[in-house]
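Q: Protein chains in written order, with this note's numbering: chain Y, 14 to 391; chain G, 3 to 399.
Please keep in mind that the hints were generated in silico from the structure rather than gathered at the bench.
Keep in mind that a hint or two might mislead.
Claimed, not checked - Taking lysine-lysine and the DSS-like style, the derived pairs with C-alpha atoms no more than 27 Å apart in a straight line are: (1) G:Lys338 x G:Lys373; (2) G:Lys187 x Y:Lys286; (3) G:Lys153 x G:Lys229; (4) Y:Lys272 x G:Lys391; (5) G:Lys116 x G:Lys153; (6) G:Lys58 x G:Lys84; (7) G:Lys84 x G:Lys304; (8) G:Lys39 x G:Lys58; (9) G:Lys122 x G:Lys58; (10) Y:Lys278 x G:Lys391; (11) G:Lys27 x G:Lys84; (12) Y:Lys286 x G:Lys391; (13) G:Lys328 x Y:Lys272; (14) G:Lys80 x G:Lys308; (15) Y:Lys278 x G:Lys328; (16) G:Lys187 x G:Lys58; (17) G:Lys122 x G:Lys39; (18) G:Lys116 x G:Lys39.
To be verified - Below, a sample of chain G positions facing chain Y; criterion: calculated Cβ distance under 10 Å: (19) Gly34; (20) Ser76; (21) Asp269; (22) Ile278; (23) Lys304; (24) Lys308; (25) Glu312.
Even for Gly, the Cβ is constructed at its ideal location relative to N, Cα and C.
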Amino acid sequence: MPLALNEEQRMLRDTAHEFLQNNAPIDLMRQLRDGKDKKGYSEDLWQKMIEMGWPAVAIPEEFGGLGFGFIGAGAILHEAGKTLANSPFFNTVALGAAAIIHGGNPDQQQSLLPKIASGELTLALAHEESNHHRTHNIECQAIIDGDQLKINGNKKFVAEGSNADMLVVSLRTTEPTNGKNGITLLLVDPSTMGININEVNMIDSRNYAHIDFSDVNVPLKNVIGNIHDSKTLLDKILDHGRICLSAEMLGGAQAMLDKTVEYLKDREQFGRKIGAFQALQHRAANMFAELEIAKSAVINALSAIDENQDLAIPACNAKSLANDCYRLITDEAVQMHGGIGLTDEMDIGFYLKRCRISIQSLGDSGFLKDRFATLNGF
Amino acid sequence: MTNLTQFRKETSDWLEANCPASMRKPQSRDEGVYGGKKFTFPSDDAKLWFDLMVEKGWTAPQWAKEYGGAGLTSDEAKILNKEMERLGCRKPLIGHGLWMLGPALLEYGTEEQKREHLPKIARGEIRWCQGYSEPGSGSDLASLRCKAEDKGDHYLLNGQKSWTSDGDKADWIFCLVRTSDEGPKQEGITFLLFDMETPGITVRPVPLITGEAHFCDTFLDNVKVPKDQVVGEVGKGWSVAKALLVHERTMMADIEKNMPKPKYSVDDYAKNYLSIDENGRLQDGLIRDRLAQHMIRDEAIKLTQKRAFEEGMAGDFDMRVATIFKYIGTEEKTNKDTLITDILGMAGAGWDKENFSADEQTKTHEWMSNKALTIAGGSSEVQLNVISKRALGLPEI
Numbered sequence: 014m015p016l017a018l019n020e021e022q023r024m025l026r027d028t029a030h031e032f033l034q035n036n037a038p039i040d041l042m043r044q045l046r047d048g049k050d051k052k053g054y055s056e057d058l059w060q061k062m063i064e065m066g067w068p069a070v071a072i073p074e075e076f077g078g079l080g081f082g083f084i085g086a087g088a089i090l091h092e093a094g095k096t097l098a099n100s101p102f103f104n105t106v107a108l109g110a111a112a113i114i115h116g117g118n119p120d121q122q123q124s125l126l127p128k129i130a131s132g133e134l135t136l137a138l139a140h141e142e143s144n145h146h147r148t149h150n151i152e153c154q155a156i157i158d159g160d161q162l163k164i165n166g167n168k169k170f171v172a173e174g175s176n177a178d179m180l181v182v183s184l185r186t187t188e189p190t191n192g193k194n195g196i197t198l199l200l201v202d203p204s205t206m207g208i209n210i211n212e213v214n215m216i217d218s219r220n221y222a223h224i225d226f227s228d229v230n231v232p233l234k235n236v237i238g239n240i241h242d243s244k245t246l247l248d249k250i251l252d253h254g255r256i257c258l259s260a261e262m263l264g265g266a267q268a269m270l271d272k273t274v275e276y277l278k279d280r281e282q283f284g285r286k287i288g289a290f291q292a293l294q295h296r297a298a299n300m301f302a303e304l305e306i307a308k309s310a311v312i313n314a315l316s317a318i319d320e321n322q323d324l325a326i327p328a329c330n331a332k333s334l335a336n337d338c339y340r341l342i343t344d345e346a347v348q349m350h351g352g353i354g355l356t357d358e359m360d361i362g363f364y365l366k367r368c369r370i371s372i373q374s375l376g377d378s379g380f381l382k383d384r385f386a387t388l389n390g391f
Numbered sequence: 003m004t005n006l007t008q009f010r011k012e013t014s015d016w017l018e019a020n021c022p023a024s025m026r027k028p029q030s031r032d033e034g035v036y037g038g039k040k041f042t043f044p045s046d047d048a049k050l051w052f053d054l055m056v057e058k059g060w061t062a063p064q065w066a067k068e069y070g071g072a073g074l075t076s077d078e079a080k081i082l083n084k085e086m087e088r089l090g091c092r093k094p095l096i097g098h099g100l101w102m103l104g105p106a107l108l109e110y111g112t113e114e115q116k117r118e119h120l121p122k123i124a125r126g127e128i129r130w131c132q133g134y135s136e137p138g139s140g141s142d143l144a145s146l147r148c149k150a151e152d153k154g155d156h157y158l159l160n161g162q163k164s165w166t167s168d169g170d171k172a173d174w175i176f177c178l179v180r181t182s183d184e185g186p187k188q189e190g191i192t193f194l195l196f197d198m199e200t201p202g203i204t205v206r207p208v209p210l211i212t213g214e215a216h217f218c219d220t221f222l223d224n225v226k227v228p229k230d231q232v233v234g235e236v237g238k239g240w241s242v243a244k245a246l247l248v249h250e251r252t253m254m255a256d257i258e259k260n261m262p263k264p265k266y267s268v269d270d271y272a273k274n275y276l277s278i279d280e281n282g283r284l285q286d287g288l289i290r291d292r293l294a295q296h297m298i299r300d301e302a303i304k305l306t307q308k309r310a311f312e313e314g315m316a317g318d319f320d321m322r323v324a325t326i327f328k329y330i331g332t333e334e335k336t337n338k339d340t341l342i343t344d345i346l347g348m349a350g351a352g353w354d355k356e357n358f359s360a361d362e363q364t365k366t367h368e369w370m371s372n373k374a375l376t377i378a379g380g381s382s383e384v385q386l387n388v389i390s391k392r393a394l395g396l397p398e399i
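Chain Y with its partners taken away, still in its complex shape (with noise of 0.2 Å):
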């Protein structure tokens, strides 16, 4: 699997980066946060994105996609994540297109994979009920209906959860018997009757929804992937975000590094630039190792997508050293700025939080290396 970027990603990467730099400097996330911004993305910013064919990197040829693969769709995230620009993107690709490439009847791929190409149609997973990812046991509840099924439960922290043009929503359909696991996908339009979205504000200033369901009448012909037996599609789809999201936390990750070392070449204490004491520099430099290595795990479970391998174990190894990486590195760079690294004024505090959240999204590194062990027979 390759491990390099080839010519076209690589120019995908620098324009990226140029782009995000000047259109998405950490001052826009400022500017947002300020303003209360409901979305929590700037409008403006998508609609640049949306011209600049994002939405479509990761979208097959055949319905209007750009074919950069997921490896494309990284390295967007990963310089979005050096500015913490926030936007659509990446539960509408790295989760929402998932779900349609993988488990879409071609129905569903004609009509609504083009449109996420085109940034017509925005997605959000509804997935989590409590305060930690868990995948399987789902208590959110639907019920055949003649050509309907009922909803009736209850989804949490639902990321874009009330900015999204629809919903893939996790829902236990049968207790599992018969070798099925009783666990579908559905797609549903929020504007649906009996659907109550509550805006949840968290610490990244992102858009988080708690979404409850009461007697939620939504088509059959909305299940995407196999009734009552899509457990195999769920996790998929959740690999392609835990991979995509360990993408952009390392664009954070880097920004932080790389503004501590800045730091630490400017700031003088004692008659000297704090950069010369070498109990500093031991922690930058192993920092510096912990990133590049955590970049190796991410771009090898990015290919792993392009390269329709099997992304459980790539996804834990990613997203586990993408946690710890990312919360050493931001931690250090509060302790190494000092008391001023607590200001809001210098940015750091942004990372922190935007860290603490992304940790916390699709499994802290306790879950996935539970997982990696299962997995790996221990």
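Since the structure of chain Y is already known, use the hints to place chain G on it.
A: Relative to chain Y, chain G alone:
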């Protein structure tokens, strides 16, 4: 191209016909052929294989014939190497002379020095050891103080060298000595060669925590060394030593390649030695977490080496990344050794040969001996200095 194809065919045929079957198995730690006056071959096959390869000049394939080599081009040498790897042939001869001093002499030695020493190295007649470290000069090697006084036609040496590997088995030594105290500490160092039989030398093996004594303390007491045994310029020995360090890394990699592949992976040990609960999980949750963490990091380090190679090929490699490998690789390796002995429990802490399997003994031994990995060849702390200067551009301390 046809010449190389033909060379490959001839080489492969010759190796097939001449390499004894027992020389095509991975070799254990004590089966290496180092040569020298005091050396005993571990087996008749090892001696036979050694003699045949010496005759071909293939112990040092790229050295010129007059230096005891075979005068192969680098393409031919690569083919020979590949074919030997493919057939699993052991190296007929290994050691400091072949891999470290030889290349340094080719670069810095006089014609007389090359003709005198290289053939004896290639034919395994003389075994070499290295005299670098001193009791007061480890990581800060350039601070070395072993004194070489100019006495007209010779130098008079006084001082002590530490960590002379196999100093008691070697015939000659290549040594760093101080010929001047003026100027920067790197500049008064000279690279000298001398016979270990020279009067005034005392060698004392130093037992290590493993119970072995591969390393020696070497005491130099009024040792006379003729001036024509200086390699390179007087006072420029540091450059020769630095060039040699590169060869040391190649040597370590080569040794690694010839070692037997581990019989079990880390998770095999866990599954074999620890209790499993009714869900097939290790009962010890902490070991389970450490094991997962180690396997994830180990894979990421391997992937980083592959990534560096691929990015290099694509012209997209950030050279700064190369500074992390020694640090992160050896730290993870020693972490792994500790993890395995923890998994083995008391079976990973045995000393006698009767009550513990060969594999258990090996793992216990590795846990101790691999502690050297984060110390030798630039300690982890020195590596972190290098990363912070070269990769991050942080100021001098």
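Q: So, for every hint listed, does it hold in this structure?
A: Cross-check of the supplied hints:
1. G:Lys338 x G:Lys373: holds, 11 Å
2. G:Lys187 x Y:Lys286: holds, 26 Å
3. G:Lys153 x G:Lys229: holds, 9 Å
4. Y:Lys272 x G:Lys391: With Cα atoms ~16 Å apart, Lys272 (chain Y) and Lys391 (chain G) stay inside 27 Å; holds.
5. G:Lys116 x G:Lys153: holds, 25 Å
6. G:Lys58 x G:Lys84: holds, 17 Å
7. G:Lys84 x G:Lys304: holds, 22 Å
8. G:Lys39 x G:Lys58: holds, 21 Å
9. G:Lys122 x G:Lys58: OK: Lys122 (chain G) and Lys58 (chain G) at ~15 Å, within 27 Å.
10. Y:Lys278 x G:Lys391: Given pair Lys278 (chain Y), Lys391 (chain G) holds - Cα atoms ~11 Å apart, limit 27 Å.
11. G:Lys27 x G:Lys84: holds, 16 Å
12. Y:Lys286 x G:Lys391: It holds: about 14 Å lies between the C-alpha atoms, which stays within 27 Å.
13. G:Lys328 x Y:Lys272: Measuring from Cα to Cα gives roughly 26 Å; hence the hint holds.
14. G:Lys80 x G:Lys308: Since the Cα atoms of Lys80 (chain G) and Lys308 (chain G) sit roughly 21 Å apart, the hinted pair holds (cutoff 27 Å).
15. Y:Lys278 x G:Lys328: The hint holds at about 25 Å.
16. G:Lys187 x G:Lys58: Measuring from Cα to Cα gives roughly 44 Å; hence the hint is violated.
17. G:Lys122 x G:Lys39: holds, 11 Å
18. G:Lys116 x G:Lys39: holds, 20 Å
19. Gly34: violated, 32 Å
20. Ser76: violated, 26 Å
21. Asp269: Cβ of Asp269 (chain G) sits 5 Å from chain Y, so the hint holds.
22. Ile278: holds, 8 Å
23. Lys304: holds, 8 Å
24. Lys308: For Lys308 (chain G), the interface hint holds, since the closest Cβ of chain Y sits about 5 Å away, which is under 10 Å.
25. Glu312: holds, 4 Å
Violated hints, in rising order: 16, 19, 20; the structure is consistent with all others.
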